[in-house]
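699 is the number that this note's numbering gives the last residue of the sequence shown; the numbers go up by one with no jumps.
In short, the hints are calculated from the structure, not lab data. All values reported here derive from a predicted model rather than from experimental measurement. Take the hints with a grain of salt, since some may be wrong.
Said to hold, decoys possible - Calculated lysine to aspartate or glutamate pairs in the DMTMM-like style (CA-CA distance at most 25 Å, straight line): (1) Lys404 x Asp381; (2) Lys138 x Glu65; (3) Lys431 x Glu545; (4) Lys404 x Asp511; (5) Lys448 x Glu487; (6) Lys665 x Asp17; (7) Lys690 x Asp626; (8) Lys603 x Asp626; (9) Lys448 x Asp503; (10) Lys138 x Asp269; (11) Lys665 x Asp617; (12) Lys138 x Glu288; (13) Lys690 x Asp658; (14) Lys404 x Glu539; (15) Lys665 x Asp631.
To be verified - Label pairs and their calculated CB-CB ranges: (16) Leu602 x Arg674: 32 to 40 Å; (17) Pro32 x Pro275: 30 to 38 Å; (18) Ser546 x Arg50: 15 to 23 Å; (19) Pro131 x Arg674: 28 to 36 Å; (20) Ala628 x Pro32: 43 to 51 Å; (21) Arg50 x Leu506: 40 to 48 Å; (22) Pro273 x Leu20: 27 to 35 Å; (23) Arg662 x Ala433: 43 to 51 Å; (24) Glu108 x Pro273: 25 to 33 Å; (25) Ser94 x Arg674: 29 to 37 Å; (26) Leu141 x Thr438: 49 to 57 Å; (27) Glu62 x Leu602: 38 to 46 Å; (28) Pro505 x Ala33: 50 to 58 Å; (29) Gln601 x Glu62: 45 to 53 Å.
All residues carry an ideal CB built from backbone N, CA and C; glycine is no exception.
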Amino acid sequence: MTRPGPVARVLIDSPLPQLDHLFDYSIPAELSAIALPGVRVRVPLRSAGRVADGYLIEVLEPSAPAADPEALPGLDAGSDFRGALSPIESVVSAAQVLTPEVWELARRVADRASGNASDVIRLAVPPRQVRVEKAWLAARATDADGPADGTPAGSAVASLAPTGPADPATPGARAARALADYPAGTLDTAVETHARLCVAAVPALQLLPDGQTIGHWALTLAELAVAGLAAGQSAILVVPDYRDQDQLQAALDLLAPAGSVSRVDARQPNPDRYRAFLAALGPEPRIILGNRSAVYAPAANLGLIALFDDGDPLQGEPLSPYVHSRDAALVRQGQSGCALVFLGHSRTVEVQRLVELGWLTAVHPAKSRHPRVIPTDFQSEPDQQARAARIPTAAWRAAKEALGHGPVLVQVASPGYAPMLACQSCKKAARCTTCQGPLALASKNSTPSCRWCGALAANWSCTHCEGRALRVVTLGTGRTAEELGRAFPGARIIIADGDHPLQHLGDAPALVIATRGAEPIPTGGYRAILLLDGERMLARESLRVGEDCLRWWCNAAALAAPGAAVVLVGVGGLVARALNSWQPEMLAAAELADRRQLKFPPAVRAASVTGTDADVAAALADLAGMDGVDVLGPVGTEDPLVRAIVRLPYASGDEVARALKAAIVRNAARRRRPKGASFRPAPTLKVRFDDPELL
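Make a model of the complete structure from these sequences and hints.
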């Protein structure tokens, strides 16, 4: 019998759950030199005569010829298929873009969430850019041959990465400024000791030599990463958005060697993003900086994963399998054994749970440095009308005094002019007669319009009482700016929100009205900060509302100048006490205790199961009898769909995830394409672990 050739195990790049496993293909002799693990391939599907894209995961060498003459050709020691294998149609490129570490991570993350590995890989590997890839392969070939001018090996590849300053600092030469603010033997040795830390960020700003102002947190992460780089280890730094990336990039430009940083940013042009990704594939240690998808980036000799502000909603993945960057980081740390750091001005309940379990070690600055927070509810205010005002006397006085010295921040809940209106007579919310969306005013003299469909409501009348007059319920940045302009005549007014983005600000006096998360960074810090609309922010229906509000307010307060007043208006209770004492862990611990009593995440894991009555019932039947698993619902959502919530102990996570994945595959396999139709119907069963809508 002829000895069979090597077998390629391929993952099909498809969202179909029934294709989420490895397929076996033979490797034609002419492709054997480039058919290596990690390359992109095109392979035939065994039905419908189609060709699909995929990734070659591993190559299995053939086993010795079987002694049994009945053995079928194509059988090998590791293949699941007995029979003649179809050959790979083509190798798309010789670039091995999927590393074994990232493949293992994608598989583990997907299995934990009942998802597809190909969906995770889509987050990890950017779309191919042919011209960029050819240049990268050519540079690697030149490096392998050895450059004639004596340039060190690896430099040709490194030169394709974004460059740092013209005269870069030696790794670690300027370090230990931010890390020195923490106790010795904590952050300064974190990478070396593979520590797992929950770190309280110093709420302060830092002025760089080039005149830029950044948060102390950015310098802390940069110094950690550069320390690891000096020891020959890569670092992955994950931050919520481009504003945070810009701050961290500025710190790395100061500290890291030129060409050692790869920025993975969805805002980048596709060629730049792919170029940075390819640079991270090299054998040299690098610093990878990016948003939530950076946690999946390839990294040689990974020594550190650090996340800033893991409670920001942007750290959650909106695409299937919906895995939060925090959870992906935990999986990758367990896989690699690298150091793991969660850094923030506040603390999430999920991180608090890991601290209480002893899995994370809490680290605080060596010296207590925090803003001077003044909750108005803690003040003895004789004038009750002033106490009930949107800007009470204490806040107004703090702003007036500070305006003579520099910028003053006024944080509000909503952008726009008046984002919510109500009937003047019955006080019911004003709704669009077309789609029932909320009505809003774009400016003082504008016609009310719908925030959902944009329809004008020129002749609006209330459906409850037939009243025709409207009143403003919620004030946005525009209306607040108008009121403050009257209260502080002559003051410069600046609006910063989603429609008016502004990242940096000088130190000239100004009133800056900003929505949460859109606050510009001022040179030297804000001379006063007013936190308005707190009562309305806390009125949102969510288990996370207190945690979210504290995070917004802590991040804003961290922009204050030393000694500046931070006035929290209209909020008392535990949230105000935690902000006032700058002990966010106080709220996190209390919230976690409540969740344990209620059996809500993160005290337990939870998954939402959505589909038709029959599909959900079939999926839940597979969970019957599992230890510690209970089900809430199902209840109706959008007709004809229902949703059930499955609560489970962490120890049962793998078992429940496998059972729900099997239900998803069965459901998808039954959705046959109707005769004559171009596409098969979409699956009706959806599973989402750790669903933020549940909180």
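Do the hints match the structure? See the list:
Of the pairs offered as hints, the one joining Lys404 and Asp381 holds, with about 20 Å between alpha carbons and a cut-off of 25 Å not exceeded. Taking the CA atoms of Lys138 and Glu65, the gap is about 29 Å. The hint is violated against a cut of 25 Å. Straight-line distance between C-alpha atoms of Lys431 and Glu545 comes to about 20 Å, which keeps the hinted pair within the 25 Å bound. Of the supplied pair hints, the one linking Lys404 and Asp511 holds, its CA atoms being roughly 16 Å apart against a limit of 25 Å.
Taking the CA atoms of Lys448 and Glu487, the gap is near 11 Å; set against the 25 Å cutoff, the hint holds. For a cut-off of 25 Å, the pair hint linking Lys665 to Asp17 stands: about 18 Å separates their Cα positions. A hinted pair counts as satisfied when its Cα atoms are at most 25 Å apart, and Lys690 with Asp626 qualifies at roughly 15 Å. For the hint pairing Lys603 with Asp626, the CA-to-CA distance comes to about 22 Å; that is within 25 Å, so the pair holds.
With a C-alpha separation of about 17 Å, the suggested pairing of Lys448 with Asp503 holds against the 25 Å cut-off. Simply put, Lys138 and Asp269 have alpha-carbon atoms about 21 Å apart, close enough for the 25 Å limit, and the pair holds. Taking the CA atoms of Lys665 and Asp617, the gap is about 18 Å. The hint holds against a cut of 25 Å. The hinted pair formed by Lys138 and Glu288 meets the criterion: a straight-line CA distance of about 20 Å does not exceed 25 Å.
Restraint check for Lys690 and Asp658: the C-alpha separation of about 18 Å stays at or below 25 Å, so the hint holds. Note on Lys404 and Glu539: the hinted pairing holds, with a Cα-Cα distance of about 23 Å set against a maximum of 25 Å. Restraint check: the Cα-Cα separation between Lys665 and Asp631 comes to about 18 Å, which is no more than 25 Å; the hinted pair holds. Between Leu602 and Arg674 the beta carbon distance is about 36 Å. The supplied range of 32 to 40 Å therefore holds.
In this structure the supplied range 30 to 38 Å holds for Pro32 paired with Pro275, their Cβ-Cβ distance being about 32 Å. Here the CB-CB span from Ser546 to Arg50 is close to 47 Å, at odds with the stated 15 to 23 Å. Between Pro131 and Arg674 the C-beta distance comes to about 32 Å, which sits within the given range of 28 to 36 Å. Under the hint 43 to 51 Å, the C-beta atoms of Ala628 and Pro32, about 49 Å apart, fit the expected range.
Hint check: Arg50 to Leu506, Cβ distance near 56 Å, so the stated range 40 to 48 Å is violated. Take Pro273 and Leu20: their Cβ atoms lie about 31 Å apart, and the range 27 to 35 Å holds. Distance hint for Arg662 and Ala433: a CB-CB separation of about 45 Å, consistent with the stated range 43 to 51 Å. Between Glu108 and Pro273 the C-beta distance comes to about 30 Å, which sits within the given range of 25 to 33 Å.
A beta carbon spacing of about 33 Å between Ser94 and Arg674 agrees with the range 29 to 37 Å that was offered as a hint. The supplied range of 49 to 57 Å is met by Leu141 and Thr438, whose beta-carbon atoms lie about 55 Å from each other. Restraint check, Glu62 to Leu602: a C-beta distance of roughly 45 Å satisfies the suggested window 38 to 46 Å. Take Pro505 and Ala33: their Cβ atoms lie about 56 Å apart, and the range 50 to 58 Å holds.
Between Gln601 and Glu62, the C-beta spacing of about 47 Å keeps the proposed range 45 to 53 Å intact.
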